[in-house]
Amino acid sequence: RKEVEQDPGPFNVPEGATVAFNCTYSNSASQSFFWYRQDCRKEPKLLMSVYSSGNEDGRFTAQLNRASQYISLLIRDSKLSDSATYLCVVTGGGTYKYIFGTGTRLKVLA
Amino acid sequence: DGGITQSPKYLFRKEGQNVTLSCEQNLNHDAMYWYRQDPGQGLRLIYYSQIVNDFQKGDIAEGYSVSREKKESFPLTVTSAQKNPTAFYLCASSIGLQGGYTFGSGTRLTVV
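Residue numbers (my numbering), protein chains in the order written: chain A, 1 to 110; chain B, 1 to 112.
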């Protein structure tokens with residue numbers, strides 16, 4: 001089983017739609033969780049951290065479910081500019097490493 | 001502006017040649033990292049350094065070497081021992097494990 005797993009997509013959604021991605025992780029001792037956004041041929045950029053209580057930043061909402069070992073990202077009112085690959089990142093649990101998922105590709109269609 | 005700078009943006013290497021990728025940050029971050037990304041794949045950790053004059057191997061360190069003589073700088077050398085070096089190389093830094101990474105804009109290395 002991979003340490004961090006994501007559905008690669010692509011998720012093709014119309015503008016204005018709501019879309020959600022999940023990411024599962026295998027290390028129950030993991031402590032920190034993030035979502036990154038990566039545009040084609042660019043570096044990843046931090047989108048948001050994921051807290052146990054859940055957190056929201058504008059149209060983006062991140063949730064953590066420790067019991068089932070997954071994190072989620074919800075994007076409301078999708079924009080064309082949201083088209084990108086979204087990377088799930090998990091760290092901690094006694095290890096230095098940030099473990100990156102392979103990403104979920106989102107295409108928002110006009 | 002604080003940030004992390006990688007150079008060059010594009011690099012071409014001949015077979016059997018060593019090349020060095022530069023990574024400089026002015027964020028005063030203690031930890032620095034090198035990742036490799038291949039098409040359609042996730043980021044894989046090559047080396048990391050949590051303090052000056054100390055660094056650790058990541059998951060795919062074979063064929064690579066690094067140094068950390070200054071807090072701001074963490075260059076990566078891709079040696080001739082790396083058999084498949086064509087990839088997108090990303091340098092990152094962080095203030096600790098809790099804060100997330102800041103990435104440089106990457107170097108695309110191609111073997112010709």
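Rather than coming from a laboratory, the hints here were simulated on the basis of the structure.
As the structure is a computational prediction, the values presented were derived from the model and not from experiment.
Here a beta-carbon is modelled for each residue, glycine too, at the ideal position from N, C-alpha and C.
Hints should not be assumed to be uniformly reliable.
Result set (DSS-like, lysine-lysine): computed pairs, CA atoms no more than 30 Å apart in a straight line [claimed, not checked]:
#1 A/Lys97 x B/Lys71
#2 A/Lys107 x A/Lys2
#3 B/Lys9 x A/Lys45
#4 A/Lys97 x B/Lys70
Cβ-Cβ distance ranges computed for the label pairs, FRET-style [said to hold, decoys possible]:
#5 B/Ser67 x A/Gln31: 28 to 38 Å
#6 B/Gly3 x A/Asn12: 44 to 54 Å
#7 A/Asp7 x B/Ile51: 49 to 59 Å
#8 B/Ile51 x A/Glu3: 39 to 49 Å
#9 B/Asp38 x A/Asn22: 22 to 32 Å
#10 A/Thr18 x B/Glu69: 28 to 38 Å
#11 A/Ser26 x B/Ile60: 45 to 55 Å
#12 B/Arg44 x A/Ser28: 35 to 45 Å
#13 B/Lys14 x A/Gly16: 28 to 38 Å
#14 A/Ala20 x B/Arg44: 24 to 34 Å
* Asked: Given the proposed pairing of A/Lys97 with B/Lys71, does the C-alpha separation stay at or below 30 Å?
  -> holds, 20 Å
* **Outcome for the supplied range 22 to 32 Å, where the beta carbon pair is B/Asp38 and A/Asn22** => holds, 24 Å
* Beta-carbon spacing of A/Ser26 to B/Ile60 - inside the hinted bounds 45 to 55 Å or not -> Since the Cβ atoms of A/Ser26 and B/Ile60 sit about 20 Å apart, the hinted range of 45 to 55 Å is violated.
* Asked: Lying within 28 to 38 Å: is that true of the beta-carbon distance B/Ser67 to A/Gln31?
  -> holds, 30 Å
* **Status of the given 39 to 49 Å range, CB of A/Glu3 versus CB of B/Ile51** => Given a distance of about 26 Å, which is not inside 39 to 49 Å, the answer is violated.
* Asked: Measuring from beta carbon to beta carbon, are B/Lys14 and A/Gly16 in 28 to 38 Å?
  -> The hinted range 28 to 38 Å is violated for B/Lys14 and A/Gly16, with Cβ atoms some 51 Å apart.
* Take a look at whether the Cβ-Cβ distance between B/Gly3 and A/Asn12 falls inside 44 to 54 Å. => violated, 34 Å
* **Verdict for A/Ala20, B/Arg44 (Cβ pair) under range 24 to 34 Å** => holds, 27 Å
* To do: Starting from A/Lys107, check that the Cα of A/Lys2 is at most 30 Å away, please.
  => holds, 25 Å
* Asked: Holds or violated: are the alpha carbons of A/Lys97 and B/Lys70 at most 30 Å from each other?
  -> holds, 22 Å
* Return holds or violated for the Cβ distance of B/Arg44 and A/Ser28 against the range 35 to 45 Å. => The hinted range 35 to 45 Å is violated for B/Arg44 and A/Ser28, with Cβ atoms some 23 Å apart.
* **Outcome for the supplied range 49 to 59 Å, where the beta carbon pair is A/Asp7 and B/Ile51** => violated, 38 Å
When each numbered hint is compared with the structure, violations occur for hints 6, 7, 8, 10, 11, 12, 13.
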